[in-house]
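*Asks:* Starting from the given sequences, assemble the full structure and let the hints guide the process.
The sequence shown lines up with residues 92 to 291 when you count with the numbering used here.
Think of the hints as simulated: they come from the structure by calculation, not from any bench.
You may find that some hints are simply not true.
[Unchecked claim] Distance windows between CB atoms, simulated:
id : residue 1 : residue 2 : range
1  : ALA212    : LYS284    : 43 to 51 Å
2  : GLN275    : ALA161    : 46 to 54 Å
3  : PHE250    : PRO164    : 21 to 29 Å
4  : TYR126    : PRO236    : 20 to 28 Å
5  : THR255    : GLY213    : 27 to 35 Å
6  : GLN275    : VAL143    : 42 to 50 Å
7  : LEU142    : ALA166    : 18 to 26 Å
Every residue gets a Cβ at the ideal spot worked out from N, C-alpha and C, and that includes glycine.
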Amino acid sequence: MNRRLLAAVAALVFLLGSPHASPAADGLPNVVLIYADDIGYGDLSCYGATLVKTANLDRLAAQGLRFTDAHSPSATCTPSRYAMLTGQYAWRQRGTGIAPGDAAAIIRPGRTTMASILHDAGYTTGVVGKWHLGLGDGKIDWNGPIKPGPLEIGFDYCFLIPATGDRVPCVYVENHHVVGLDPQDPIKVSFGKPVGDDPT
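*Replies:* And the structure:
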């Protein structure tokens, strides 16, 4: 287990137990981590931004714990997400550059992650939004169960887009399945050749 990751999560859980946090029904403090691409420290009005009002995020910040000193291990999405979840520098793991749409799951099942540590501590964990850490074994059949993924590394629930909005297939995945999949119109994806007359 990565001791730095464990220490960071333990500190996070301890600090979120402050009087500002409202505990969940089971007594554990709520933990909400917002990890967004292309947003900086100075982009939220709770940190002094004036161009865009972020009232709902400001309210969360006022009622919770704000971090004022953070460092990103990478300037791009896949490696920074990998490092945040595993506590390991992305350059120490193969395949952690910007992942293509058909990338295999980069974080292997059984790997200690922030989600697995929180899950083992009694939290119900979930991830919603852009994943971009690969899914499956690299030969995904989008028409069936998609494994491994977030559920195999400590998350209890996921609702995500697999990569970026410009990488096919542009679908939502809930847990192990594409949302709204129509068996009469199966998803066909090729990153090496066009499908019909349409590029992919």
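*Asks:* For GLN275 and ALA161, compare the CB-CB distance with the range 46 to 54 Å and indicate the outcome.
*Replies:* holds (47 Å)
*Asks:* Regarding LEU142 and ALA166, is the given constraint of 18 to 26 Å on their beta-carbon distance met?
*Replies:* Because 22 Å falls inside the window, the suggested range holds.
*Asks:* A range of 27 to 35 Å was offered for this pair. Does it hold for the Cβ distance of THR255 and GLY213?
*Replies:* holds (34 Å)
*Asks:* Range hint 43 to 51 Å: satisfied by the CB atoms of ALA212 and LYS284?
*Replies:* Hint holds: Cβ distance 47 Å, inside 43 to 51 Å.
*Asks:* Do GLN275 and VAL143 keep their Cβ atoms within the hinted range of 42 to 50 Å?
*Replies:* About 43 Å separates the Cβ atoms of GLN275 and VAL143, which means 42 to 50 Å holds.
*Asks:* Confirm or reject the claim that PHE250 and PRO164 have a C-beta distance inside 21 to 29 Å.
*Replies:* holds (26 Å)
*Asks:* Is it true that the C-beta distance of TYR126 to PRO236 lies inside 20 to 28 Å, as the hint says?
*Replies:* holds (26 Å)
Hint violations for this structure: none, all hints satisfied.
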